[in-house]
Structures are given as structure tokens and as C-alpha cells.
Amino acid sequence: MSLAIEDLNVWIKEKLFDAVPMGIAVIDHDFNLVRANRAFEQMFGQWQGRKCYRVYKSREDMCPQCKGAEAFQDGIPRVNEEVGYNKNGIFTRYIKHTMPIVDSSGDIPYLLEMCTDITETDQIRREHQLLFDQVPCNILLIDRDFRIVKTNAKLKQMLGELEGGYCFRGLKGLDSRCRECTARQTFEDGQLHTGHHVWKIKDGRTVHLHVITVPLRLHDGSFDMVMEMAVDVTETIRLQSGLNFAHTFLETLIATSMDGIIAVDDQANISVFNSAARQLFGFKADQRIVLDDIMNLLPKGISDLTDFPSRDLYLPETSIQTTGGQERPVRLVGNKLMMEEESLGMALSIQDLSEIKKLQNEKLEAERLAVVGQTVAGLAHGIKNLTTALEGGMYMLNTGLRKSNLGRVEKGIDMLSRNIERIGIFVKAFLGFSRGRVIKAALSKPEEISKEVVNMYASRAKSHGIIMRHERTGDLELAPIDYESMLECLTNLVGNAIDACIVSDSNSNLHVTVRSFEEDNVIIYEVADNGCGMDYEVKKKVFTNFFTTKGLGGSGLGLLMTKKIIQEHGGRIEYESEAGQGTVFRIRLPRNRLPQPPDDTETVAATAGG
Amino acid sequence: MPKNIMIIDDEEDIRTYLMAVLEDNGFQTCTPAQEENVMHALQREQPDLVLLDIMMPRRSGISIFRDLRNTAQIEHVPVALISGIEKATGFFNGEIGALPDGTDLRPPDGFIEKPIRIEQLLEVVEKILETKGDTRELSD
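Protein chains in written order, with the numbering used here: chain S, 1 to 610; chain R, 1 to 140.
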């Protein structure tokens, strides 16, 4: 035996005990610790003369199920996982190998106990388990038979116990393997694979999952299991498709909108310019457009789209320029785009009014033509009356001459000249009506118009013994009205009222009252008389072309003209009349329907009034 | 004894014309006095025929016609309406029939369209008065 071996034997005999990295202790029958190595002392501290339960577990008496006692009894070595307290009183988990030491007589005087501290290992194992169960994704282990070996708690929650069953059955309710199998791909090439899977879960819902499969390799690199991690993306997909839908919907809406839609971001880049907008301005379909291209085509006053002064912009009737230099009537609505407090730019919606304007003009033209038709019929009627009177004059003249009746001749000439004059008046009224007129609204004082009419008729009324009154309730605010046209309306009404008084059966207490007042933002003119009033037949024809009850004295156009003017002011005319009692005509002009005054509005009441 | 014809028309020139023509042809004429109630004038005069203009300022001819037909003493008086409105489209057919209380009224006896031709006027007048005369002779 060489010296070295001898030395080794000595070393083993004397030093090995203390050199072993696991704690080793020897206990006797009375559970006294009789020997322990350094590692043991490092784990559990002072041991000399102490009972094992005292050292391992800080107990005062023996453990209820003492493995040591069993080993003394049966002489069988055993391994247990134990918990106790280390020398610092810290909870410790350790694996204990218990080995009975048998003497030559076969007795067991001692037990050798070897302890390995696994506190940390166990902690790590627990952490892993926690991670495995609680990570917000479903995890399962699949073997090469496609049976589920293990699932995490999250997956159990969703699908129940699946361990031992086939993955395709447990996850998808299928009877055979899936055609596209991510796990199989990983089994085949040992690589990571991803896929989109659809599972059927307990309540019958389907869920969409993003799946990753990785091989669970052993140390030698081989593997018989694949770990599948599946993240539920159902909600994401739902949101995504919702977003997709909303996006497509908006895109389509913008692209197919009849209105031009333009969006400018806060960096003054044009982000939307739909085809309607291109057509409106006359840009080519593929032409790149920058903000500068359109700034001077937009209505005046829109100078900076990125820093627009007010939140919103509404121009109901304005115009843009086309690239060809034409003016185009449009309605323009602008909205500042805001997210929380942050400006995202400006969106403009531009509605082409050309067609509407054209239709409006066509409608006006059609109405005018209809009026011309009525006019011709009415004209014929008027001419018939005049012709009758002229024929009467001729008859008187001829028969007077024949009979040498000078009185008759004079009467005939009178009739002829009077009715020829009436023809003149009639033709003038007719032409005036057929020409029509353009309403020129300017800010006027509403009550000035009624005042002027009353002044105009004062002397005529007085000469017939009619009392003329103007009633007003305070000053009305200025309103965009065509002064001359409204004056004509009131002139017609007051003239009619005076005529009604003149032909009235009653001769006393006749009066015509003109009122101007405002009610709920409606300007109201009233012309009331207590003259002859109108009966059923007359009322029915009040606003009919060329209807007149004044024989040859009226053109039959006054009220029709009046109605037309009032309609052009967005208002209406109504009346109440009782035969023999009198008549009230009422013009109602809602302020919000009055025509737009031109930009350079001047108060005409100041000059025209009074 | 010439037949008495009342002319109800607000227009003096036409009144003058009609009266001259009718008088030249042997009829007697009358007209309600200025401001006189037409119904009173009718009841006072009891004319053999009324020529009634439809469109007048105070009362329309239709309204007078309806009252006349509804007043016992003058209900029988024949009436010829005068108007520039075409027969087929105007008051005569369309509107008298449409009057709620006018549906049972005996229609006008004649219709004279403006412009008035003397022959037509006389023809209508004579026809009405002859018919009237016949019935009177039969009933007497």
C-alpha cells in the first residue's frame, strides 16, 4: 500500500465526516445527538448533548410520528422530506436519509441521519408552479401520443380536467388529430412553432388563441413532450374586427360621400381629400394635393385651418373656387378635431349647392311659367270685362250718333276713354307682375314701413270719413326686409281695407287699423278694417290671379303680388273676414326665415323711413 | 206692358251698356239704387228677369243668387248670370253644385258670357221671358 493511499485512508477516516457537504448526525436510542459533522452544525447549530427533536424542530418532546423510532424498530433505511427550524429559527425544508447502524450482534444502537437543505430548491419549485398556474396564458404539456400530460390552473379553469385525454378532443372536441397541428410541427423538427387555434370551451363558446409550442428538452437534448402556451386573443380579435369594420365603414362613407370631405392634421398635412372634394374643386383623381393648393379656393375668411379660431364653422351658403376659376355655390361645415384637449386638426364637409340652386331656379321658373299660364287665363278674363265695357261705349256712341242723341254720344265717349285708360293700368299691372322682382333685403325698421303706409293713405281715408290708425308696441329690432316690396304689400292691404270701407253698407265709425308688433320672433303686420268684409265665394278666391271684385277698377293682382312678396320673405299671409263685419289681414314674418341681407348691410330705414 | 229686367252689376259702364241695349229693344230696366240692399230692391221691383253679375265687391253674385232662390216672394224670378268666366270651368257648373246649401237650388235660367254680344244677350233674355210667358199663360 503506497503512502498516498495510506494517507487517503487516514483522511477519509479522520476528515471525510466533516468534509461532506450534507449535514450528518448520529442519534442514539434515547434520541440524543451523539455525533454531527460541520455541515450539520452549520445548518442546525449547537447539538452536543441535545435531543434530536430539540435540534431539528425546536420541540420540547418527541415528534408524534417519529421516523427514527420506526427505523430503530425495523432497521430499514428511509428517506423523508421534513420541515424544521435552522439554527437561526428559520423555517427549513430538508430531505433526511435515515440509516440504521447495525452492530455485530445485530442490534441497532445508532441511527445515521443525513440532511440536505432543500428550502431554496423548494421555493424555486413553488415559484415555478405559481408561474405555471397563474401566468395569464393557458399552458399544457403534450406527449408524442398527443395526450395532455399536464395543464396549468388557468386552463383547468377554462376547460376543466383534461390530463390524460387527447389534446384535440379536450381542446376542440374533435375525434381525430387536427390537420394543422402546431405541436406535431414541434415534435417533428424540435423548433418553436406558432399558430392560431380555435377552442371550444365549457359553456359552448369558442375562443381564439395565439399558440406557441416549444419542445421540453431533457439534458441530452432529446424530448418527448411539447409545452403549448396559448394566449386568449378572442377579445383582441373582436376589437380588431370592430376597428376594421369601423375603419372600412368610415373609409367607404368618406369615399362615397356626395359631399366633399377634407381633413387637415395639425401639421397642415391633408389627411383626407375624398373624390367628391376632388370633383368639387376640379382636381384630377391622382393629383397630389397640399394645403396651399386649396387655401385660396376656399371661401374668404378661412385663412388658417390648423389654428382655427373657433371650434366649429358653419357657412350655410358660401362659394368656393374651382381650379378652373369658376365659382361654385356650397354649404361648408368645419369641425375642429379634438382628442381630449389636444387638437388633431380640422375636418371640412362641403356640400355642392349647384344642383340645388339649379333646381331652385328651375322650380322658380316652373312656378313662374305656371303663373304665366294662370296669368294668360286671368288676362283673358280681364280683357273680356274691358272689352264688354268698350263695346258698351261703342254701342252708346253708335246708337247715339244714329239717334242724334248727344247725351248718349258723350256717355259713349266717356265710357271709351275711361276704359281705354283702364286698359293702360291693367297692362301695366300685368307687366309688373309677370316681370317679377328680386327681393333685396336690407336691415330695416319694421314699423317704419307700416308708418309710411298709414301716412300715404291718411288723406284718402279722411276724405271718405274713415279713421286711420297706426298701432305699434315699442320699437322692433332691425330686420332684413325688402323695404319697397313690403311697402307695396301693406299698400295693397291698406288700399283694399279702405275700398272695403267705402263700399260698406255702414257709413259711420269706419276705420282701418294698421298694427306692427313682434311675437315669439315673428314680425307681424296687421291690417284690420270694419268694412264690407268678404263672403264665402270671395274668400275662396282672394289669392287667385286676376280675381277682382272691383270690376274694372282692380287688376286682380294686388293680393297675389302681396302673397308672392311675403313668401319670398319666408313669411305667410292669413286673413279673417266676415261679410258685413270687416276683414283682418295678417302678415307673419318669422325672423329666422327672413332673407339674408348682403354683407355690406346698411340701415335703409334711416333714409327710407319717416 | 214691357217686361221689367233688373240689372245687378257693380260696374256702372256695363250697367249703362246693358240698360241701353235692353231699352233699345223694348224692355224696361231697373237697377238697385246706390247703397240699396239688393234683396229689398228685388222684392220691391218684382222684375220679370234678373241679369246678375257674379263678381262684385260687396256680395258675390252667387251669394245673391242663393238668397234669391231661398226667398219665397222672389224665388220664382228667372235669373241669368253674367260672367267672363267660362261656363264649364267657372261658378256655374263647378261651384254652385258644390255649395253645401246650394245643391237643391234650381239652377240659373240662363248664362251670358262676357264679352257680351248683343244678339246673344237678346236671345237669352227673350228665350227666358218667352218660356216664362208660356208657363204663366198655362198657369193662368
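It should be emphasised that the hints constitute simulated quantities derived from the structure, not laboratory data. Ideal Cβ positions, reconstructed from N, Cα and C, are used throughout, including at glycine. Certain hints may be false.
What the hints assert, rightly or not - Pairs of lysine-lysine, DSS-like flavour, derived with a Cα cap of 25 Å:
#1 S/K202 to S/K150
#2 R/K3 to S/K403
#3 R/K3 to S/K87
#4 S/K57 to S/K13
#5 S/K357 to S/K451
#6 S/K357 to S/K563
To be verified - Sample of chain R residues with no beta-carbon within 12 Å of chain S, all distances over it, derived:
#7 D24
#8 Q43
#9 R106
#10 P115
#11 E123
#12 V124
#13 L129
Here's how the hints hold up against the structure:
1. Taking the CA atoms of S/K202 and S/K150, the gap is about 18 Å. The hint holds against a cut of 25 Å.
2. At most 25 Å may separate the alpha-carbon atoms for a hinted pair to count; R/K3 and S/K403 meet this at roughly 23 Å.
3. About 154 Å separates the Cα atoms of R/K3 and S/K87, which puts this hinted pair outside 25 Å; it is violated.
4. For the given pair, S/K57 sits about 30 Å from S/K13 by alpha-carbon distance, which is inconsistent with the 25 Å threshold.
5. Taken as a hint, the S/K357 and S/K451 pair is broken in the structure, with Cα atoms around 36 Å apart against an allowance of 25 Å.
6. Restraint check for S/K357 and S/K563: the C-alpha separation of about 23 Å stays at or below 25 Å, so the hint holds.
7. Under the 12 Å C-beta cut-off, the non-interface status given to R/D24 relative to chain S is violated; the minimum distance is some 6 Å.
8. At the 12 Å boundary, the C-beta of R/Q43 stays outside the reach of chain S, the nearest C-beta of that chain being 17 Å off.
9. The non-interface label for R/R106 is consistent with chain S: the shortest C-beta to C-beta separation is roughly 19 Å, beyond 12 Å.
10. Look at R/P115: its CB is around 4 Å from the nearest CB on chain S, not clear of 12 Å, so calling it non-interface is violated.
11. With a closest Cβ-Cβ approach of about 16 Å to chain S, R/E123 is found to remain outside the 12 Å limit, as its non-interface label requires.
12. Even its closest Cβ contact with chain S, about 15 Å, leaves R/V124 beyond 12 Å, as expected for a residue assigned away from the interface.
13. Every C-beta of chain S lies more than 12 Å from that of R/L129, the closest at about 21 Å, which supports listing it as non-interface.
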